[in-house]
Amino acid sequence: MVLHKKKLIAAALWLVILAGCSQSPSIQRETAPSIQAEAVQAESLQDAAESERLGTQWGDDVDSEIITVDLSRTSDNPLQEMQISYADKNYQGRAVNSMSLLAGKVEFSIHTDNGKLPLYRDAGNYYLKGMAGQAYRLVYHNNSANTYEIVASVDGLNVLNGSAASRYDDGYVLRPNDDLVIEGFRKSQSAVASFIFSKPDNAYAANTSSGSIENTGVIGTVIYELYDPSKPKPKPKQAKAYPADKGYAKPPQ
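Letter by letter, the sequence shown follows residues 429 to 681 in the numbering used here.
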């Protein structure tokens with residue numbers, strides 16, 4: 429596991445996260461296809477044209493030191509997964525400043541040198557408008573006292589080691605009430621290659637044996653909870669010899 433030696437502390441793990449009446453079945457057969465068609469139509473409206481597609485290129489060298497730490501996951505199953513599609517497109521939907529993860533315990537946002545980029549929420553999906561040449565970073569804020577592992581991917585690549593991404597990969601550690609900022613693809617213990625929007629042909633995924641141009645335009649996050657030995661353990665409750673006693677005897681009934 430590794431820790432950033434910066435204001436924003438992070439770490440990377442190296443340890444390998446209708447009920448309804450049955451009286452009108454004919455109506456259900458008629459309405460279900462229409463609902464499905466509406467969902468497909470909504471999704472197609474958000475699809476980027478070939479000229480709007482983007483990827484993320486291997487950008488400028490940025491200092492980002494990390495150290496190894498020893499933490500383990502509380503479960504092999506992740507607490508939550510999410511993904512964002514991005515392109516140079518005017519997306520439809522509700523603009524939000526950040527995405528709420530784990531019922532608000534973690535907030536996710538994307539920043540540039542000029543501030544946050546709005547995310548667009550539509551039918552449960554999230555979208556991001558970018559521009560070729562624009563640098564960006566992934567920002568996670570932990571509102572809780574829990575410790576989490578963030579397994580992030582960009583264009584189908586693990587941002588920590590550049591391999592084809594898996595939800596079971598190693599990730600960065602998000603400390604309690606702290607921030608994790610991922611600025612680029614990690615190239616060493618002390619630096620990353622910054623994330624910069626680009627045309628798909630120039631994307632890192634299109635120019636490495638681990639990636640594919642077909643996976644450009646998507647950012648993924650998987651979250652696991654971690655055991656943290658530095659977290660104070662709750663004090664054990666004092667044993668009670670007569671736990672049922674809550675006062676005087678009740679009168680006969």
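No wet-lab data here; the hints were simulated from the structure.
Incorrect hints may have been included.
Per label pair, the in silico range of CB-to-CB distance [to be verified]:
| no. | residue 1 | residue 2 | range |
| --- | --- | --- | --- |
| 1 | Lys668 | Arg522 | 18 to 24 angstroms |
| 2 | Glu493 | Leu530 | 16 to 22 angstroms |
| 3 | Ser637 | Lys665 | 53 to 59 angstroms |
| 4 | Asp550 | Pro604 | 53 to 59 angstroms |
| 5 | Glu478 | Gly532 | 35 to 41 angstroms |
| 6 | Tyr596 | Asp498 | 16 to 22 angstroms |
| 7 | Gln511 | Ser638 | 14 to 20 angstroms |
| 8 | Glu478 | Thr540 | 23 to 29 angstroms |
| 9 | Lys668 | Ser638 | 35 to 41 angstroms |
| 10 | Tyr596 | Ala669 | 46 to 52 angstroms |
| 11 | Lys544 | Asn605 | 38 to 44 angstroms |
| 12 | Ala669 | Ser591 | 56 to 62 angstroms |
| 13 | Arg595 | Asp488 | 43 to 49 angstroms |
| 14 | Ala560 | Pro657 | 19 to 25 angstroms |
Beta carbons are placed, not taken as given, at the ideal position from N, Cα and C, and that holds for glycine.
Here is what the structure says about each hint:
Between lysine 668 and arginine 522 the CB atoms are about 52 angstroms apart, so this pair departs from the stated range of 18 to 24 angstroms. Roughly 28 angstroms separates the CB atoms of glutamate 493 and leucine 530, a value that falls outside the hinted 16 to 22 angstroms. Checking the proposed 53 to 59 angstroms range against serine 637 and lysine 665 shows it holds: the Cβ atoms sit about 56 angstroms from each other. For aspartate 550 paired with proline 604, a C-beta distance near 32 angstroms fails the hint of 53 to 59 angstroms.
Between glutamate 478 and glycine 532, the C-beta spacing of about 37 angstroms keeps the proposed range 35 to 41 angstroms intact. In this structure the supplied range 16 to 22 angstroms holds for tyrosine 596 paired with aspartate 498, their Cβ-Cβ distance being about 19 angstroms. For glutamine 511 paired with serine 638, a C-beta distance near 18 angstroms keeps the hint of 14 to 20 angstroms intact. For glutamate 478 and threonine 540, the hinted distance range of 23 to 29 angstroms is satisfied, since their beta carbons lie about 25 angstroms from each other.
In this structure the hint that lysine 668 and serine 638 lie 35 to 41 angstroms apart at CB is violated, the actual value being about 58 angstroms. Against the hinted window of 46 to 52 angstroms, the Cβ-Cβ separation of tyrosine 596 and alanine 669 comes to about 48 angstroms, which satisfies the hint. Restraint check, lysine 544 to asparagine 605: a C-beta distance of roughly 20 angstroms breaks the suggested window 38 to 44 angstroms. A hinted range of 56 to 62 angstroms for the beta carbons of alanine 669 and serine 591 is consistent with their spacing of about 58 angstroms.
For arginine 595 paired with aspartate 488, a C-beta distance near 29 angstroms fails the hint of 43 to 49 angstroms. Range check, alanine 560 to proline 657: about 45 angstroms between beta-carbon atoms, so the 19 to 25 angstroms window is missed.
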